[in-house]
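Asker: Read off the chains here:
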Amino acid sequence: MKQIKLDRIGTRPLSEFSYGGEVVDEPEGDTLSDREWAGYLFNADGAPGVKLEWWRHVPTGIWYRLRRNTITDEFIIDQPKVEAKA
Amino acid sequence: MTRRLPPIAGEWINREKRLDFTFEGRSVSGFEGDSISAALMANGEVVLGRSFKYHRPRSVMSAANHDVNVLVQTAERTNIRADVERVESGMALMPVNVFGSLKRDRASLLQKFKRFLPVGFYYKAFYRPKGMFPFWERRIRAIAGLGRVDTSWRSERPFATSHHTDVLVVGGGASGMSAALSAAEAGARVVLADENPQLGGSLHYQSFSDASRHRALKKLIAAVEAEPGITILTGAEACGYYGHHLVPLVTREGITKVQAKAVVVATGAFEQPAVFGNNDVPGVMLASGAQRLIARYAVQPCQRAVILTANEEGYHAALDMLSVGLELAAVVDLAASADRGGAAAEIKNKGIPVFDHSAIYETVTGKSGVAAIEICPLDEGGNLDRSKRTLISADGVLTSVGFAPAAALLYQAGVKFSYDPVLHQLVPGDQPKGLYAVGRVNGVYDLSDKQVDGKACGKLAAADALGQTVGQPKRPGRSQTAHSHEYPVFEHAKGWNFVDMDEDLTLKDLTRAAEEGFDNIELMKRFSTIGMGPSQGKHSNMNGIRILARKRNRSIDETGSTTARPMFHPVPVKALAGQRLRPMRRTVLHDFHASHGAQFMEAGHWLRPEFYGLEADRGTAISAEVAAVRSGAGLIDISTLGKIEIFGVDAAELMDRLYTMRMSNINEGMTRYALMVDKTGIVIDDGLAARLSENRFYVTTTSGTSDSSFAEMQKRILEWGLDVDILNLTGQLGAINIAGPLSRQVLGPLTDIDLSEEAFPFLAVRQGLVFGEPALLMRAAFVGELSYEIHMAPAALEKAVAAIMDTGESVSIRPFGVEAQRLLRLEKGHIIVGQDTDGLTNPFEAGMSWAVHAEKNYFVGKRTLECLKPKRARSLVGFTADIDEAALKMAECHLVIADGDIRGRITSVAQSRTIGKVIGLAYVDDGTVRADGSFHVRISDGRMVKVSRADLPFYDPDDSRQRLGVDTLDGVAVPGEAA
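Residue numbers (the UniProt record's numbering), protein chains in the order written: chain A, 1 to 86; chain B, 1 to 979.
Heads up, some of the hints might be wrong.
Said to hold, decoys possible - Per the computed footprint, the stretches of chain A lying under chain B, defined by three or more beta-carbons under 8 Å from a beta-carbon of chain B, are:
hint: 1; region: 30–37
hint: 2; region: 50–62
As the list claims (entries may be wrong) - Derived SDA-like pairs (lysine to any residue); straight-line CA-CA distance at most 25 Å:
hint: 3; chain 1: B; residue 1: 219; chain 2: B; residue 2: 387
hint: 4; chain 1: B; residue 1: 856; chain 2: A; residue 2: 49
hint: 5; chain 1: B; residue 1: 715; chain 2: A; residue 2: 49
What the hints assert, rightly or not - To give a feel for the contact side, a few chain B residues facing chain A, derived at Cβ under 8 Å:
hint: 6; residue: 243
hint: 7; residue: 244
hint: 8; residue: 867
Derived from the structure by calculation, the hints contain no laboratory data. In this text, a Cβ means the ideal position worked out from N, Cα and C, and glycines have one as well.
Please model the complete structure; the sequences and the hints are all you need to start from.
Answerer: Printed below as a string of structure tokens:
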């Protein structure tokens, strides 16, 4: 199983994490059309590549924003992380 | 007739321990360590199985897991692989797929119909007329299929275990053991796994008569066993390769998930059969199968053998056979014996007839398998010249014509294979980081080369695992002589030349498939079913590819190789299921419930009281609980509700953004209904939000959403960058709701909080002491009576509940369960999120437009709700029906029907003694309710029940009972908490 190594919690198995989707900024603005809004809601970017994603470590209750290469299924952990207070 | 040989050095059997069992009712005995098929052969049993389609007699072919010629069953277990399962004392074994007995299988008559059963026959014959297929399917299934399943099986759930290691070596042969040793010497922790009960791999049985190989084997095993860094797991099949070096091993005890940092695949090669006439009958086996029988179990495969070979291994096998006194009638070489090295010369020196450039046309079968063999020379085109045939009497044919890599794990790891024209074998291409293919799976055949290859990769794997860098050690090249023949396939006039023994597929079947236009093995596989039997192509795919390539005049690489998906061998479902570990949460009041006779039900992760009393009196008990709440006082455990504290300068901002209603204007000391939708506007949660101070809120969620709502809040706080903290108190606090017109009277003496209507009005929240301990109280009205939610620390709550029950005795207070609460809230028309809403419900449909404050700047889902509001086309409505037999049969999810169309469905329905009717909630499309207020529900037996739309709530329409005359802020009609 994939192991994810994070500074604060060490190396943990993937089964301890839950996936929270790609980090996508909610579109704003009064001119936003229904179609654009629906695109944000329902058209996730399925193209493979390096993505910034939400991952929650369930036992500690900490959310991480992690970069992952969805082609190789590898996390790229060398960037500053944003962590929630448990 | 016994076929047991005198002791063989290194044999796996324990001759001290005799095990008796039965086969088809006959008494048989074997030794501890015997495989079932070895023991049967040792006892002179010849026909050990019947084939899948034509019920032809079969026996041992590979003596390994590469074919399923010998499947047996007991009363409890089916499809036992006799070649690899050990004998146990007292087994009562029966063959599978036999009509009558093994010797006289009535279904073997099917052979006579072979020419009417070509490949694809079933697809073509039975698909029309469509309605007839079920008829044919039943008949085909009665004949096809293998073992019988014991339908009164007992549930067995072996534990799954995990094993973390640096390096996993799969395969305990010479290559694997060498790799394990060098990895351990480099400081890595190593797991060495092999599917067999003992280490050794092909080094144990191939050329077993060569004493130097036997010494090499003993030395390697001793070294591996002496190495403390190596954990040896035998009897452990690596059933698949999963991402990031996870390899589950299947053992008798269950699955061990090995998580490695690097994996060495030393799985070796499957010997492949030759295709010729009657190549499937008892007596024809792989040379390696014969070697396994002798070296492992000291069982003689036959008495007088012909060896068909295309490599030097065939001559070594010939020497092995001679060493145990087998008569060797001839060696038939598909090419020139002069190219086969010293072993071939030795065989010739012993005077064994060797037929060069020859092959076998067919075996002539007698009563019990092979009786004679027709050998023919090959002409220049590689075809058999039957005019020059020789007939030799023999009872066995051992074939040694080539190998296919045991490459399943490598394929699963994404390794591409290509055809090596020197070896005539598929060989692996580049391997991903931390994965190494060594030994014969990598096309390395020589024993010393295999050890060097293993050592080199063990070192590399250890370096990968330990994060070290090492220089590239020298690896031996692949063998420079072919160990496989490029086309060991020969025509047979009667067409009994089998390619796939599992599926009874012959050369003609595959030729026809090729003629039908299938040019890729992946497609032909699905049409012809080659490789789709229980052995998953281990003995058939390579020949299938060779045949297809030749018939379509394409290269092997163009024809492709099949992807070997997990599982490598069939895995018992019980091993996959593993132990069912399903934690069940009990509330702090569990003992209280039990002592009051609660019937518990599972509600999500929780065990909750459904009602109190005997199951036989269920309806009476629930009615009595409802009556207590309506007329006196009742008490329900609501500890399962999510309980979240929110504090910080942005607390009100967070609340406004999370919930559909405005929360920032709740007065301190007051509560408000809290409805949450997701960004697509779907109702996902509801509860009660209390403002404890300017920057401090306390919210409840439904029982099922406490974790998800909390996680969502955390995520949003990060996303929005708010200065606020949240605490999940769900498991830290218990809670009850004491409800009923007399609840104030019961609670009053136990608390220092002023419960008067003026001091503690409807929807207020107060903190104080209950029975001397800190508590948080909220006036909610989920059940529609005066009621107080009390949230407290667990131990304190237990004591408080006991005290409440004491003081409530005078008003006959009683605990009520989930069922009573569901009816009480239904009478009030309050929805339960998840029951009266589903994954498509927005607040407008659920009748909660009042809970959406569209004038707020922002909340999650606001933009979507703006789109959805004008599109609302259905509503959740209340309905009633007079109590009669049909109305009482209405149930959740029964459909609302109008003009023959589905127009909605019931979400909640129950008989209400309070109202004197059957009452319910249903989604109904606009325009369905008739002018007289009626619509129709279809119940399970198809009858229509006429119901009448009713205004909500059914009970106490002006909410006087819960408010007791005191008005609340906003003037908004506010339901209470949800279950």
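Asker: Given residue 244 of chain B as an interface hint, is its Cβ closer than 8 Å to any Cβ of chain A?
Answerer: OK, holds: residue 244 of chain B within 8 Å of chain A, min 4 Å.
Asker: Quick check: do three or more residues in the region 50–62 of chain A have a beta carbon closer than 8 Å to a beta carbon of chain B?
Answerer: With 3 residues in contact (Cβ-Cβ under 8 Å with chain B), the coverage given for the region 50–62 of chain A holds.
Asker: For a C-alpha distance cap of 25 Å, please report whether residue 715 of chain B and residue 49 of chain A respect it.
Answerer: holds (23 Å)
Asker: Is the listed coverage of the region 30–37 of chain A by chain B valid when you require three or more residues with a beta carbon under 8 Å from a beta carbon of that chain?
Answerer: Coverage by chain B holds here, the residue count being 3 at a Cβ distance below 8 Å.
Asker: So, residue 243 of chain B near chain A? Judge it on the closest CB pair being under 8 Å.
Answerer: holds (6 Å)
Asker: Would you settle whether the hint for residue 867 of chain B is holds or violated, based on the nearest Cβ-Cβ distance to chain A being less than 8 Å?
Answerer: holds (5 Å)
Asker: Quick one, are residue 219 of chain B and residue 387 of chain B close enough, alpha carbons at most 25 Å?
Answerer: The hint is violated at about 52 Å.
Asker: Holds or violated: residue 856 of chain B with residue 49 of chain A, Cα cutoff 25 Å?
Answerer: Given that 25 Å is the threshold and the Cα spacing comes to 38 Å, the pair is violated.
Of the numbered hints stated above, those contradicted by the structure are hints 3, 4, listed in ascending order.
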